[in-house]
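Please model the entire structure based on the sequences and the hints provided.
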Amino acid sequence: MSEVIERTPVRRGLAWFELKQEIEDFLYHEADLLDQRRFTEWLDLLTDDIVYFMPIRRNVKFGQHADRENTRQGEGISWFDEDKWTLGKRVEQILTGVHYAEEPLSRVTHMVSNVRLLDVQPSVEAPDEVTVGCRFLVYQNRVEYETHTFIGRLTDVLRRAGDSWQIARRELILEQNVLLAKNLSILF
Amino acid sequence: MTTQLPIDQAIDLEHGMISREIFVSPEYHRAELDKLFTRAWLFIGHESQIPRPGDFYVSRMGEESVILCRDAQGAVHVFLNSCRHRGMKVCRYEQGNTSLFVCPYHSWSYTTDGKLQGVPLYRVLYENTLKREEWSLIEVPKLALYKGTVWASWDPLAPEFLEYLGGAVDHLDQVLDCRDGRPGGSEVIGVHKWIFPANWKFAAENFLGDTYHNPSHRSVDMIGINPSAQRGVKGRRDNEYNRGQHVWVGFPQGHGMHSVLMPPDLQYEPSYQQYPVVEEYFRHCFEERKRRLGDKARLLPFVGNLFPNASYHGRQPRGICVWHPHSPTETEAWRFFLVDADAPAEVKDVLRRFYMRYSGPAGMTEQDDMENWLYATAASKGTIARRYPFNYQMSMGAYKTNDPVPGDVATQITEQTPRNFYRVYASYLNGGDWDALIGRNRAPVQVAAE
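As they're listed, the protein sequences go chains C and G.
So that you can map any letter, position 156 of the first sequence is 156 in my numbering, and since no number is skipped, the others follow by simple counting.
Quick note: to get my numbering, add 1000 to the position in the second sequence (first position is 1).
It should be emphasised that the hints constitute simulated quantities derived from the structure, not laboratory data.
Derived DSS-like pairs: lysine-lysine, alpha-carbon spacing no greater than 27 Å straight-line:
(1) G:K1115 to C:K61
(2) G:K1296 to G:K1348
(3) G:K1089 to G:K1142
(4) G:K1193 to G:K1348
(5) G:K1035 to G:K1142
(6) C:K84 to G:K1193
(7) C:K84 to G:K1234
(8) G:K1089 to G:K1115
(9) G:K1348 to G:K1234
(10) C:K89 to G:K1193
(11) G:K1348 to C:K84
(12) G:K1193 to C:K61
(13) G:K1131 to G:K1142
(14) G:K1089 to C:K61
(15) G:K1147 to G:K1290
(16) G:K1142 to G:K1115
(17) G:K1381 to G:K1193
(18) G:K1290 to G:K1348
(19) C:K89 to G:K1234
(20) G:K1147 to G:K1348
(21) G:K1348 to C:K89
Incomplete in silico selection of chain C near chain G, CB under 8 Å:
(22) N59
(23) L180
(24) K182
(25) S185
Ideal Cβ positions, reconstructed from N, Cα and C, are used throughout, including at glycine.
Below, the structure written as structure tokens:
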């Protein structure tokens, strides 16, 4: 997924720009839901068969990056390799009000940038599935002095759902090796 | 030592009080690194991480980077990851296979058995002066391989690993042995590494059997993330220990654990109920284990801490977590997740998913631990706070020796295991000899009234 390269040639007509704007809006809307703590509404943006994945990054020798730098989805241990049930549990846990790692709730801002359409199926004019890449910068401040900044690359597969979209696959490449935050208690 | 508060005053076991200084002061941190982490046996890694000659895995001992390596002949070594010339790390990859560790700084190179091989311009610059055989990578004097796990000590006088483990081996075996009772056979399927701003001993204490902190996990118990949760079972784990006698066990070497002694008519408790194939597998393993181990199968592991900083989860989840001190108030945690190497792929997949949602910084259970450790450390730094010791008076004296299992055993939630841990901790910081450190020739402990 992280190696998805933009399909070429993509004809950048009006439909392409309209679609790109629509997808960007979707990502900004999603960020709003998380930052406004509308977690249950956020869950509705995920398909029932979502794959939500954040690998652990490793320090490897030059030439081995493609094979060994990131842990793989579906194998071994990653930071997240989740389905919708588990993500729903994470939301349910926050809503108990006694999940102390998020009680009181953190203040979080999700920044989205460098948005690019990497693939559109079946066509830009009638898109059903879009692969979109972007960068994320997530700022977390909790209680008083605790702050964490999570920066990385995100690749989503979005599926058309009525007049909006749903996330069918999310891969988050966090630019860290040893995790420098004590917890990943927020949603990405 | 140079601390303002002498260790024997900081740790008052008679009254069950321990000064906050040992959790926040730089002097104690330094003393631990100098006197404890240079002597105790420390967990390094697992042989499944270095199966072939030339394989290496970079690990840590205390604050320092070490290389776990299998040499060309197949022998296992642990080296300090620092060039003998100017100290540069000779390996900054986490894992791999090599025939040489080449220092990036001046290109001194070392073979996988640690010997200094390449010294650029040796003839011109060093002939007749540098004796290569004296400048190998610094190697641990004591190394032990136990059921796949690798342990090391920097003290050439340290007792053999099994003597150091003492009776704790019975509990560690339940972590390392196959679920069906065959000895050993585990493999590491992944490692979490993360940093949290708290003293490492908070984490060690959690695994010494601090069952008392259960309320902090209320949220995850309420929602249910166990492998039977989709069948309506609450809790963060399956209820495997339901019918057992919980035991909190301490050993003279400082080890402590919470295990469960199941009744003589050991019965399988339904688990992994949302995955029928996996449930069938574990049911089979349970019966096989009972058949193989007989009465010994009654002992099930829950959590434990092998002195000083190797904590384990025994069943759900299953792994070893090492707490490396970075500073008095900062710890780097490395968790090695274990499964039976020959378990079916479907079983491994269910386990890894459960491990990820339970453990570590992204784990729904352990996140709440990290929160506690952080703010307990932060709120103990202050001048006023430091004047007031922590309370360790729970279940004082309420334990028996070798009843119903070997060791000092409480059958109620207790702080006897941390009291024992800090007794041994003080002994290291006082420079105690090995007889004292591992309780050789220890007088039998009086059986205290319950």
